[in-house]
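Chains as they are written, first to last, in the numbering used here: chain A, -3 to 259; chain B, 53 to 401; chain C, 682 to 963.
Since the hints were made in silico from the structure, they are not lab data.
Predicted, not measured: the structure shown is a model, and the values here were computed from it.
Some clues are possibly wrong.
[Claimed, not checked] Beyond 12 Å from chain B on every Cβ pair, some chain C residues (computed):
1. Ile793
2. Pro856
3. Arg872
4. Met923
5. Tyr929
[Said to hold, decoys possible] Not everything, but these chain A residues come out facing chain B in the computed CB check (under 7 Å):
6. Ala78
7. Tyr107
8. Thr165
Ideal placement from N, C-alpha and C gives every residue a C-beta, glycine not left out.
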Amino acid sequence: MIALYGFLFAPLVVVAGASLAGGERPYVSFPPDRLSFEWYGRIPARYVESIGLSVLLAGATAVCALALAVPAALGLVRGRFAGREAVALFLRAPLQIPFIVVGIAFLQLYYALGAAVGINPRGRFVGLLLGHVFLTTPYALGTVTAVLQRFNRRLEEAARTLGATPWRTFRRVTLPVIMPGIYAGALYAFIVSFGEVPVALFLANPRVATFPVELFGALQFDFNPSLLAVSTLILCLSLAIIVVFQRIIGIDALLRATAGRDP
Amino acid sequence: MTQTFRRWIGALLLAGAALAIVGPATAEERFDGVTIRVATWGGSWRDRIHELIGTELERRGAKVEYVVANALENFNKLIAARDSKPPFDVMEFQSDLWKPLLESGFLMKLTNADIPNAPTHDSVAVSTWTLEEGIVYNTEKFKENGLPAPQRYSDLLDPKLANRVAWPDISYGPYALIGLSTEFGGSELDVDPGLARLKQAALPYFYRSSVELSTKFASGDVWVAPWHAGWAVRVKRAGLPVAMVFPQVKDRHGVIASGMIGIVKDTEVEKAAAFWINRYLSPEVQLAFCSANGIAPVNPHALETMRGDPLLSSLMLLSPADIAKAYAVDWNRIDLADIVDKWNRTTAK
Amino acid sequence: MKARWGWLVVPCLVATGTLLFASQAVFLRISFYRDRGFGRVEPDVTLANYLRVLQDPFYLQSLALTFEVAIAVLVCSLVCGCPAAYILARMRSRWTPLLLGAVIASALVAEIIKVLGLVVIFSADGVLNRSLLAIGLIDAPLRLLGTVPGVVIGLLHFTLGFVILLMFGVFQTIPRSLEEAARVHGASRLRVLWRIVLPLSLPGMVAGGLVVFNLSMGSFTAAALLGGGRILTMPVLIERTMVLETRYAIAACMAAVLMSSVLLVNVAASVVLTRRRAGAVA
């Protein structure tokens, strides 16, 4: 376990360490020979703006992906119709397309749309959102399905025999139990959307780019430790948010969902 | 009354005469309400361009937006937008995209009237700076290990340097490959000799990003690499002990590529775009921009001034004579797609 | 009642379907034409591109390499991720949420940044090599850049997070009481794992495994940045053909071949799984 966490965090330690490098360093220097927080102070406003956009986009993506995936998962796991497996497969298809292909294909699609109907979503938030939702829905679908398959139907039946309506059953019995899957799906969607480059690169707006695209652009040509500083800040911020989340709502909510006890 | 009247007329005439003399110089060209979109590289490149050119346009009422990606990606965006409004108005690129852009007709003809700072030729793009490719090496490491300074591209394939050399991947550009090929009878049209030697040398990896390479230079992992002067300047400014060699390529020394800029066809802001280019070519901007980035300006005055800087002149070719002696790849005849394909096949593990 | 569930799939199906078909139609259409450079194509429809891609050993090798990498990542992710997720799910500790949070936080850092960190770690004079040399595990510095293991490690940083989070959710739904009951009846820890936990979590593992597999097959960043220009997996090759050579037709063709092979694997996996489930019921 320790090894695992060490493995996951090693590059992050390097990045954090290098972000403290003082002086002009157009490269990653680790261990840094001069420690200083100067690059933290020199983070351009542009990066902060793009982080805001990325967070917004990722959040919206997660919500939309779940809105599509939860019903679909229910339908796939519980429905009985011909070609169910085929549909499941089909819905997983976006995962199998290299992101860069998705990027260029969507760009071409948007232009074709623009030519045909006059609406070109390129460069607009909606355009990016569509692309990201397309990419991330399969993830959400996968996680919710996985958890749903494990779900014990008898819990629902018990509730029904006690007189609960289907909606009530869903809301108070099913939903809490499959929450881990939903959280995981939302998380995946958020993570994928927050970090992806190729699609955002092609569908983005000249005014504000998403954070990874900014990073990518800066890394291609030019680099300075402020990039590392921002990334380290994101890391710390995420950890902080999670701690706060835990205090207020309690990831216990996630843990409490271990309700599936056999009757 | 008549006297006052005459005085007024006199004053007006005087003012008019004064304006006529000083006139055009103070009647500033305004771009109110204009939004100009510039396609260029990112990071500090864009920041500096904005500082030197963008802010001036903003001062004159324009709004400036940047489409940041490398030139090839921007080219792809132009292709995708082929039948509709172009995604940007001004495009910066390098001479390797010259032929594709010319043939695909995305850029409009530039007339000298709009861009007085450009040398006289009318075409779809003008050169803005010169990229100087050569070999960058770490002088300290070489001295420590008793190695002679590299002179030619083939020197880098010496087994003694085996794990300390970083050869550029084709996505960086074909310069080093071309340079190597010419040593064995090839050229930009025939890169097979170079490819054969590279395959033989079985180099462990090829660098794609200059940031990656500079990290490796800094950590001492890499001692020598084909690279361009711009990066040599930057890492030297960061304190690394590097020197630059412009190896022999046919009868020339070093390989150069030009930075170019053009205006996209069907743009709605032609005047602003022309202003942009003109300003890019002005002596002050050329000097400031090129000194910061380690590239050679096309403006001769700027070039001369840069010669006065010891760090720059130690790493760059800063006299017109030297630059003329460098090898300029014949982009008109080169088939880059073919080279990339051959490269992929030869270097894949 | 049963039939009603099926309808819930419709919105997702419609959304994904339209986007998928529309974008791919536009993109793949050109794979049936010959390239003329700069994204332009010849006017006649032809299968020449497909023939070329499927017969040229260069492309086939690239496909094989892509599979190699994806399978390696799959195996490592599951082998390392599942036990970790299980431990996390079973830990009754205050630290669990924080540990989970740490995984999430690490996943939010852009892949590129992590790769930069890895480049530094992998360097010949880097921390990794120096410590391994000091311990005496190796006699010469390990070369990880430009090798398959290097790319696999890079991808692992990306996929482990997913696996841990997913399997955590799955293990959550397996009641502890079930395991405890088995232990009470005398089963060893290992037996419990093997006969109870594993079969119950298998669908989840397969789903997660497929996600990891698909991700790895389509991954570009890790292979491009850590592959040192020598590990040319299909996505890297497609990107080069598209962006560097602007030969859209053959790039689209390669993309189609890649997608079909991934699809095949997914189909095979689900067929096997259905048969297993049917077998278990019977």
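Now for the hints, and whether the structure bears them out:
1. The beta carbon of C/Ile793 is not kept farther than 12 Å from every beta carbon of chain B, the shortest such distance being approximately 10 Å.
2. The beta carbon of C/Pro856 sits about 48 Å from the closest Cβ of chain B, which is more than 12 Å, so the claim that it is off the interface holds.
3. Interface exclusion of C/Arg872 from chain B stands, the closest Cβ pair being 44 Å apart, more than 12 Å.
4. Chain B draws C/Met923 into its interface by the beta-carbon criterion, the shortest separation being 7 Å against a cut-off of 12 Å.
5. Against the 12 Å criterion, C/Tyr929 falls within the reach of chain B, whose nearest CB is about 8 Å from its own CB.
6. Among the interface hints, the one on A/Ala78 is violated; its C-beta lies about 39 Å from the nearest C-beta in chain B, farther than the 7 Å criterion.
7. Annotation: A/Tyr107 was flagged as interfacial toward chain B, and the flag holds, the nearest CB pair being 6 Å apart, inside 7 Å.
8. Proximity of A/Thr165 to chain B is violated relative to the hint, the smallest CB-CB distance being about 49 Å (cut-off 7 Å).
The earlier numbered hints that this structure contradicts are 1, 4, 5, 6, 8.
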